[in-house]
Structures are given as C-alpha cells and as structure tokens.
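Participant: Chains as they are written, first to last, in the working numbering: chain A, 1 to 336; chain B, 1 to 328; chain C, 1 to 296.
Source of the hints: derived by calculation from the structure; they are not laboratory data. It is possible that some hints are incorrect.
To be verified - Subject to a maximum C-alpha distance of 20 Å in a straight line, what follows is the list of computed SDA-like cross-link-like pairs (lysine to any residue): (1) A:280 - B:257; (2) A:102 - C:193; (3) A:280 - B:241; (4) C:205 - A:144; (5) C:193 - A:106; (6) C:122 - A:24; (7) C:205 - A:255; (8) A:102 - C:198; (9) A:280 - B:242; (10) C:193 - A:113; (11) B:204 - A:102; (12) A:102 - A:134; (13) A:280 - B:143; (14) A:285 - B:11; (15) C:184 - A:78; (16) B:267 - A:78; (17) C:193 - A:112.
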Amino acid sequence: MLPPGGRRISPFLEVNSLRKFFPVQRSLIAQVFARSPPDAVHAVDGVTFNVERGDVFGLVGESGSGKTTAGRITAGLISPTEGHVTFDGVEIFSMGKSELRKLRKRIQLVYQDPLSSLNPRMTIGDAVSEPLRYLSDESASKSREHVSDLLERVGLSPADSFYFRYPHQLSGGQRQRVVIARALSIGPEYLVADEPVAMVDVSVRAQIMDLLLTMQRELNLTILLITHDLAVAKYMCNKIAVMYLGKIMEYARTEDLFRNPLHPYTQALLAAVPIPDPTKRSLKKIPSGEIPSALHPPDGCVFNPRCPRVFGKCSIEVPSLLEREPGHYVACHLYT
Amino acid sequence: MRAVDQLLQVESLSVEYRTGTLAKAVQDVSLNLKTGETLGLVGESGSGKSTLGLAVMGLIRPPGFVTRGKIVFDGTNLLTLAPEQLRELRGRKIAMIFQDPMTSLNPVKKIGDHFVEYIHAHDSHVSEQVAKGRAKTVLEDLGIPESRLNDYPHQFSGGMRQRVMIGLALALEPSLIIADEPTTALDVIVEAQILQQLANLKSKYSLSLILITHNMGVVAEMADRVAVMYAGRLAEVAPVNSIFGTPRHPYTEALLESIPNILASDKVLKTIPGTPPDLTHPPSGCPFHPRCRYAFERCRKEIPMPVITGNESEAACFRLEGEESRHS
Amino acid sequence: MKTTQQTRSKPQTLSAMSRLLGPLIGKGYGRGMMLVGIGITVIIVAMSVLAPSIAPRDPTLIGLGLPNNPPSAAFPLGTDQYGRDMLSRIIWGGRFILLVAVAAVAICLVIGLPIGLVSAYKGGNFDRFVALIMDSIYAFPSLVLAVMIISVFGVTIINEALAIAVVYIPSYFRVVRSQVLSIKEMPYVDAAKSAGAGTPSILWKYVWPNVIPSVVVVVGMNFADSILTTAGLDFIGLGLPVTLPDWGIDLTYGRQSLPLGVWWTIVFAGGMILLAALGFALISEGYAERTNPKLR
C-alpha cells in the first residue's frame with residue numbers, strides 16, 4: 001500500500017517512519033552517573049507521508065502535535081532520531097556538506113513571527129539578499145536588482161524605499177512579506193511555511209495567504225503549510241494531514257477531509273472550530289481533557305484517553321495509517 | 001437609549017497614551033450593555049478594544065489617561081469614584097479575565113490560597129474554610145476537582161490555568177465579567193471547552209459578559225450583540241445576526257469577506273489592502289478610509305459619527321447618512 | 001583599608017546613586033545620564049592626557065610650598081605633607097589608573113567576548129562546563145586575587161590590568177552568554193542558517209550586533225570597577241611607586257594626615273576616584289536605560 005500522498009512516480013518529498021525524540025536535559029552529574037537513557041519528549045513518533053510537486057500540503061494539529069518539528073525535519077534543519085526524508089530522490093540526512101549546501105538553495109522556510117524572523121540590525125535589503133550572498137554567485141549589483149524586483153513582487157512598493165529600512169519600521173504584514181521575499185530570493189522549489197499568518201493582523205491575513213498562493217502558482221512551488229488553524233488549511237491546502245501527539249491521525253485531500261472526516265479527533269477538531277456565522281451555532285460534542293504530555297504518551301492509540309468512541313483495543317494496539325477510501329487514510333481501530 | 005436594564009453605559013469615552021508620542025487608543029466611544037447580555041467587542045491590534053476593557057475596570061494608569069467621557073455602571077459613573085471605592089467594585093461587581101493566565105497567578109502560591117487571598121481582600125471576615133468552600137463550588141463548575149486546590153500554578157496546563165482564572169473572577173459573584181482574549185492562547189479544542197463552560201456559567205450565575213477578541217468565530221458563537229472597533233473608534237454595533245448577515249460598516253463587511261470559514265465551500269477571500277494604522281500618526285478623517293473600497297472625498301476630511309441603522313444598531317460611515325431619518 | 005566587598009559593591013552603590021540621580025535629570029533620563037557620564041569622562045580623560053601641558057607645577061617636586069597647607073591662592077588645592085602641589089598631583093593622578101582601566105577592559109574584551117560568544121553558541125555540555133569554570137572565577141574576590149598577582153609578579157600596568165581583567169572576564173562571559181543563548185533561538189538565526197550562512201558569519205552578522213548593547217553596559221561597569229580597584233591597590237601600597245602622582249597614593253597619605261586636620265588631600269583624591277568611576281557608571285547605566293527600557 002502506498003503511503004499517504006504518494007503515486008507510483010517518485011514523489012517530490014518522501015517522509016518515512018520519521019521519529020524525533022528530544023531527551024530531557026539532565027544535570028552534568030546525572031549524565032555522568034545515570035544508569036538509564038534520559039526521558040524523552042516524543043515530538044514526532046512514526047510519521048510517513050509523500051508530497052508531490054506543486055502540492056500545498058497541510059500539517060494540521062494543536063500544540064504538541066509534532067507538526068512544527070516534522071516540518072523542520074523535512075526542511076533539513078533538524079535531524080531525525082529515526083526515519084528518512086527523501087527530497088527529489090536523494091536522502092537528506094545522508095548528504096555530505098556540499099550537497100547539503102545545494103539543498104539549501106532548493107528548500108526555504110517562512111516563519112511564524114515576522115518580528116523575530118528578521119535580524120533587527122539588518123536592513124530589509126540586506127536581509128533579503130542573504131541567501132543570494134551565500135548560496136549563489138550573483139554579483140552584488142545583480143543581487144540588488146534581483147532583490148528590488150522581489151520586493152515589488154511581494155507588494156513592497158516602491159522597493160527603493162523599503163530596501164534601506166529596518167524591520168521595526170515596518171508593520172507586521174509588511175515584515176511577513178519581507179520574510180516571504182527572503183525565502184523566495186534563491187528560487188527554491190520547496191517552502192516550509194510555519195504558521196505564516198498566525199501572528200499577522202486579521203485584516204491582513206488574506207493578503208499574505210493570497211501572496212503565498214500567487215507565488216506558489218507563478219513559481220511552481222511546493223509548500224508544506226504547518227498550522228493549527230483549520231480554516232487557513234482549508235483555504236490554502238489541497239492535501240491535509242492531521243497530527244496528534246507526534247502521529248498522523250488522518251490524511252486526505254482537503255475536500256474529502258472536510259466533507260467526510262473519519263477520525264474522531266478530526267471530527268472533534270472540526271466541531272470545535274468557532275464558525276464566523278451565528279446561524280450555525282449548535283450544541284457541540286467536545287472531547288474532555290487536554291493533550292497529554294509528550295513525555296509519556298498513552299499506550300495504544302494516543303488519542304484513546306479522550307476519544308468519544310474508544311473501545312478495548314484502542315488502549316492496547318497502535319492503529320496503523322490505512323487507506324480507507326482512495327486517497328483518504330485514517331489511523332483508527334474503528335476502521336480496521 | 002436608556003432602558004431600566006442597562007447595566008453598563010459608556011458615553012463618549014476617550015483614552016490616550018502619552019509616552020513621548022501621543023497615541024489616542026480610544027476616541028469618543030459610546031456603548032451599552034444590558035443585564036445578562038454578552039457583548040462581543042471585536043477589533044485588531046490598535047483597535048482600542050483592550051484599552052476599553054481596562055478603562056471599564058478602572059485599570060488605566062499613566063502613561064494612559066482617560067481624557068473624556070463617562071462609564072456608568074449600575075447607575076454610578078465609575079470615573080468619579082475614589083480609588084478605594086473602585087477597588088471595592090473590582091472583583092465584587094466587575095471582574096476581568098486576561099489572555100495569559102501564567103503571569104496573573106503567583107507561582108509560589110497554591111491555587112486554594114489564591115482564592116482565599118482574593119476573597120479576603122474584599123471580605124476580611126470570611127473564614128478560610130468558607131473561602132475555600134466557595135472556591136470548590138466554582139471550580140467544580142469548571143471541571144476542576146477539589147483536590148487541585150493544593151496544587152501550584154505550574155502544575156496546571158494552560159487550559160486549566162485559564163479555568164482557574166475564570167473561577168477567581170467568579171469567586172465574588174460579580175455581575176459583569178470582562179474577558180480579554182480569554183482563549184486566544186489556547187488550543188482549539190480546549191478553547192471550545194472553555195467557551196462552552198463560560199456560556200453555561202453565564203446563565204448559572206446570571207452574568208453579563210464583555211468578550212474582547214479578534215476572532216470573529218468566537219464572537220459568532222458567544223455574543224448577543226457585537227461592537228466592532230477600528231483604530232480607537234467604534235465602527236459598528238449591532239445584534240450578532242445583523243452584524244454577520246448585513247454588515248453596514250465597510251470595515252466589518254471587508255473583514256467578514258476576508259476571513260476563511262471551514263463551512264463555506266470554496267469561499268474566495270477578498271483581501272483588504274493596506275494595514276491597520278499607526279495610532280501615533282492616524283489618517284485624517286475616517287480612520288478606515290485609506291483601505292475602504294467606498295471611500296470618497298468627505299471620508300478623507302471628516303470623521304463620521306455613528307448613524308442609527310436599525311434596532312440597537314449603528315455604524316459610523318458617511319454612506320449611511322440617509323438612514324438616520326428612516327430609523328429615528 | 002577597603003575590603004573586597006566594598007570594592008565590588010562600589011559600582012553597585014554608584015549604580016544606585018546614578019539611578020537616583022536619573023529622575024532628577026528629567027524624562028528619558030537615560031539620555032541625560034549618558035550625557036552627564038560622557039561629560040565627566042571626557043573631562044577627566046582630557047585632563048589626564050593633557051596633564052603635562054596643563055599642570056601648573058611638577059607634581060613630584062617636594063617642598064614647593066609649605067607642607068600640609070590648605071587651599072590657597074598659590075596652591076588652589078593645597079599641598080600634601082611633602083609640600084607638593086595638590087592641583088598638579090590631581091591632574092596627573094589619574095593617568096596610571098586610567099591606563100590600567102583601558103588595559104583591563106581591552107584584555108576582557110579580547111578574551112571574555114569570544115569565549116562567551118563561542119561557548120554559548122556551541123551550547124551543550126561544553127558550554128555548561130565553561131560556565132561552571134567562569135562561575136568559580138566570578139566567586140573569587142577581586143582584590144585578593146589582585147593582591148596575589150601583584151605580590152608575586154610585581155607592579156606593572158599589565159599585571160594590574162591582568163589581575164582586574166581575570167576577575168571581570170566572567171562578568172562579560174555571563175552577560176554575553178545570556179544574550180547569545182536567547183538570540184540563538186531566534187528564528188532569524190535559523191533563517192540565516194537556511195540562507196547558507198556559516199557559523200562565523202552568523203556570529204558576526206546576526207549574534208554579535210545584537211549582543212553589543214549589553215556589552216557596552218558591562219564595559220562601563222568594568223571601567224568603573226577597575227578604577228576603584230587600581231586606586232585600592234595603590235591605597236594599600238601595592239600600586240605605583242610612592243613618588244609618582246596617583247589618586248590612590250594620595251588617598252593613603254591623606255589618611256595619615258587626616259588627624260592633623262588635613263582634609264583636602266582625601267577629599268580631592270577620593271573625590272576624583274569617585275568621579276571617574278561615576279562617569280563610566282553613568283554612561284553604562286544611561287545606555288542600558290536607553291537600549292533596554294524593559295529590563296528596568
């Protein structure tokens with residue numbers, strides 16, 4: 001059976017059985033005298049999916065779901081504890097230094113907080129030129145032109161007035177445009193966008209989302225969108241994977257996921273999202289409790305303590321992610 | 001409109017911040033709240049919604065100054081009260097819940113002690129037992145077992161802490177609660193839990209609620225009436241169905257068209273150009289005019305006053321000026 | 001004799017003093033503090049540099065006037081017990097002290113900064129180990145260490161500077177480290193890595209520029225502390241040869257003459273020491289106030 005998202009042809013990005021455990025820090029003495037390995041946070045615990053070129057793939061989840069860690073691993077920023085990430089046929093984490101450099105040209109990130117993603121001591125122009133400076137052979141003057149073009153393209157016009165300004169002189173939305181420009185300057189093929197609009201003013205979010213989608217179309221980008229906001233995911237993504245405590249609960253094409261959510265967690269998420277339409281108020285069934293600690297995840301299905309449809313098997317066996325309908329995968333014993 | 005059941009009347013309130021530069025956080029805002037009503041106060045950063053909430057609580061301190069207006073709560077103008085009188089009122093009659101519970105709770109005090117201290121501050125003759133009993137009742141309604149009264153704040157998760165904050169706010173049985181972005185920092189499922197609990201508590205304790213948020217979804221779920229603020233001014237006020245169904249102010253209209261909705265299939269989001277203004281250098285005339293699709297010459301020069309557009313509805317926009325005569 | 005605690009706490013007392021003065025200077029008092037501090041420092045430095053030209057008399061010449069004479073028209077700051085002109089001695093008296101301060105700060109910057117930057121940026125057990133060492137040095141009383149070094153290796157500008165520097169390096173390390181630890185978690189550092197920047201570039205362009213403000217604060221304090229320590233060493237006789245003009249030395253002899261009613265030596269020599277240290281402390285506090293209002 002193919003993993004979610006895959007086709008027979010070699011996919012653009014393949015993520016295989018990814019696991020990332022963050023050991024809890026111990027004192028120097030404890031490290032020297034310890035008899036057992038340290039406790040670890042199971043940030044990502046067995047994630048497998050494929051992304052095709054041109055996808056806007058959504059990794060959706062609440063805090064502790066592991067979506068951010070998984071996303072950053074696919075960008076090559078963190079190395080996994082186990083598992084493989086294959087980008088355009090090559091395994092990222094067995095690359096040598098020079099190959100990794102070339103990878104940097106093809107993969108870039110857009111961050112959540114526009115303010116802390118920009119060096120407060122660097123001008124906008126310099127910030128956007130950085131990738132060009134290190135990863136390309138463009139001359140300084142060519143870069144300057146390139147960057148001005150880019151600033152115009154992301155809506156920071158006239159480029160000349162923005163080139164020499166500092167981040168604190170721009171609004172949140174403008175800063176986010178700079179972050180996007182910087183990510184695109186080197187002409188990457190794959191963009192990992194981590195909550196790109198969460199910290200942007202509500203009236204400006206649509207602008208930024210549209211900018212990303214426009215750039216995606218014009219530059220044939222593949223985007224991995226990490227978000228907790230289902231509405232944003234619905235608007236921007238064509239495929240969505242729902243994560244909980246380090247595992248994928250459900251994966252489907254966007255229309256399918258919203259039309260027919262299979263996993264009780266997905267259903268809970270959808271029920272919980274506040275709808276900006278007062279005529280749609282309803283009595284919701286919200287699961288009780290909170291997300292357990294990723295230090296000691298529950299046995300069996302990680303959602304079982306809170307699942308409204310839990311039964312015996314759930315706390316014993318971990319359900320596998322299986323294709324229930326064409327292109328629609330779910331990890332739940334209700335469907336095995 | 002003055003009715004017998006008006007709990008809170010804000011009249012022409014203005015608040016400024018003077019920190020070297022002058023920022024007019026709230027300008028000439030008039031609002032009403034009926035007993036038992038949930039008013040959703042909506043706006044983005046710089047809208048003044050949080051400042052308005054703080055002003056009602058009497059928590060505006062230098063460099064913030066209330067420069068004009070009245071805040072009439074249960075017949076008394078809060079702005080004329082002495083600090084001790086205001087302190088009496090706070091907690092007992094009006095309580096506030098903030099966005100980040102972590103910084104509002106004393107990390108070295110047990111939760112039970114927080115309640116005892118809070119209740120004692122208002123009623124020093126209440127015994128510790130009675131205070132803790134009150135805490136237990138209130139926390140039970142929020143789904144927190146009595147045993148947790150002996151825990152410290154860091155032993156609670158974010159959602160639980162916020163529930164503790166709500167519990168504290170309810171401890172003295174106030175008639176009005178002001179909640180400033182109470183669920184913004186929480187995950188969506190916990191948010192839904194807490195909103196549900198808040199709605200239940202509201203009816204059980206006969207509360208009136210001012211819910212301050214930038215999330216239109218939360219407002220649609222919880223509010224009876226909605227007040228939309230922009231750049232310190234009131235853009236529009238209307239019952240919740242009217243605001244969403246027939247928004248009259250261009251900002252409300254544009255905002256609703258720009259937010260994604262998981263139930264609306266294939267909605268095309270219309271972007272709003274520009275960014276919210278810098279309050280130290282606000283635009284001339286109507287603050288929304290640089291981004292407004294209907295803006296005309298007058299909008300650049302004059303500031304529109306609220307115009308009555310329906311039952312308990314008003315909006316501040318020159319386009320609506322013909323309406324007043326129809327509705328008065 | 002000044003104890004180590006007094007020497008170490010003097011800058012803190014000065015901080016407290018300057019913080020008290022601050023509000024008096026008015027709104028945005030950081031700027032006022034800095035200006036006052038800069039003013040004082042510039043005058044003192046200028047005075048020390050131009051000493052040969054501006055001192056009215058040779059400060060080492062004995063018997064120019066009657067010994068222990070109070071301030072008069074001929075000798076505006078009086079004379080010491082050897083009949084030397086106090087005014088000239090005061091004008092000359094800061095040179096050694098300032099030179100040592102400059103040397104100490106230079107050593108600290110050259111050694112403490114890079115260690116702090118690299119160790120904090122590398123992180124992990126290496127960093128924790130280095131921090132442990134630094135904390136141990138930090139706990140060591142500065143004056144005692146200075147006395148040890150000087151006794152063994154003799155009095156030279158370098159030795160005194162070294163003694164002071166060694167004890168101050170941990171302060172630089174700590175401040176730089178705490179800044180770097182928070183900066184390296186910033187998304188913009190991540191973005192720099194994605195842009196292909198190597199560690200040297202990141203440290204130079206992304207980390208260091210954001211660390212500078214806190215370093216300036218420490219430098220100011222370092223100067224202040226160093227002035228006081230050097231003066232202290234001179235005071236206890238481990239400083240310059242007794243014949244040379246030096247505020248610390250004058251303070252010693254001033255103390256001896258005090259029972260005779262000679263107040264001017266102590267007042268002027270001690271006053272200059274305090275003033276010099278205060279100047280730097282004001283710059284440091286004022287700058288901190290301006291760049292990090294939230295910290296206050």
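Participant: Hint by hint, note whether the structure agrees.
Facilitator: Outcome of the hint check:
Our distance criterion of 20 Å between C-alpha atoms is met by residue 280 of chain A and residue 257 of chain B, whose separation comes to about 17 Å. A distance of roughly 13 Å separates the Cα atoms of residue 102 of chain A and residue 193 of chain C; the hinted pair therefore holds under the 20 Å criterion. With a CA separation close to 11 Å, the supplied pair residue 280 of chain A and residue 241 of chain B stays within the 20 Å bound. With a CA separation close to 19 Å, the supplied pair residue 205 of chain C and residue 144 of chain A stays within the 20 Å bound.
Only pairs whose Cα atoms come within 20 Å are accepted, and residue 193 of chain C paired with residue 106 of chain A is accepted, the gap being roughly 14 Å. The suggested pairing of residue 122 of chain C with residue 24 of chain A holds, with an alpha-carbon distance near 18 Å, which does not exceed 20 Å. Annotation: proposed proximity of residue 205 of chain C to residue 255 of chain A is violated, straight-line Cα distance about 46 Å (limit 20 Å). Straight-line distance between C-alpha atoms of residue 102 of chain A and residue 198 of chain C comes to about 14 Å, which keeps the hinted pair within the 20 Å bound.
About 14 Å separates the Cα atoms of residue 280 of chain A and residue 242 of chain B, which keeps this hinted pair within 20 Å; it holds. For the hint linking residue 193 of chain C to residue 113 of chain A, the alpha-carbon distance of about 17 Å falls within 20 Å, and the restraint holds. Straight-line distance between C-alpha atoms of residue 204 of chain B and residue 102 of chain A comes to about 63 Å, which puts the hinted pair past the 20 Å bound. Of the pairs offered as hints, the one joining residue 102 of chain A and residue 134 of chain A holds, with about 11 Å between alpha carbons and a cut-off of 20 Å not exceeded.
Between residue 280 of chain A and residue 143 of chain B the alpha-carbon distance is near 26 Å, which puts this suggested pair outside the 20 Å criterion. Distance check on the hinted pair: residue 285 of chain A and residue 11 of chain B sit about 41 Å apart at the alpha-carbon level, beyond 20 Å; violated. With a C-alpha separation of about 15 Å, the suggested pair residue 184 of chain C and residue 78 of chain A falls inside the 20 Å cut-off, and the hint holds. Pair hint residue 267 of chain B plus residue 78 of chain A does not hold up; C-alpha atoms about 36 Å apart against a cutoff of 20 Å.
Restraint check: the Cα-Cα separation between residue 193 of chain C and residue 112 of chain A comes to about 17 Å, which is no more than 20 Å; the hinted pair holds.
Comparing the model with each numbered hint stated earlier shows that hints 7, 11, 13, 14 and 16 do not hold.
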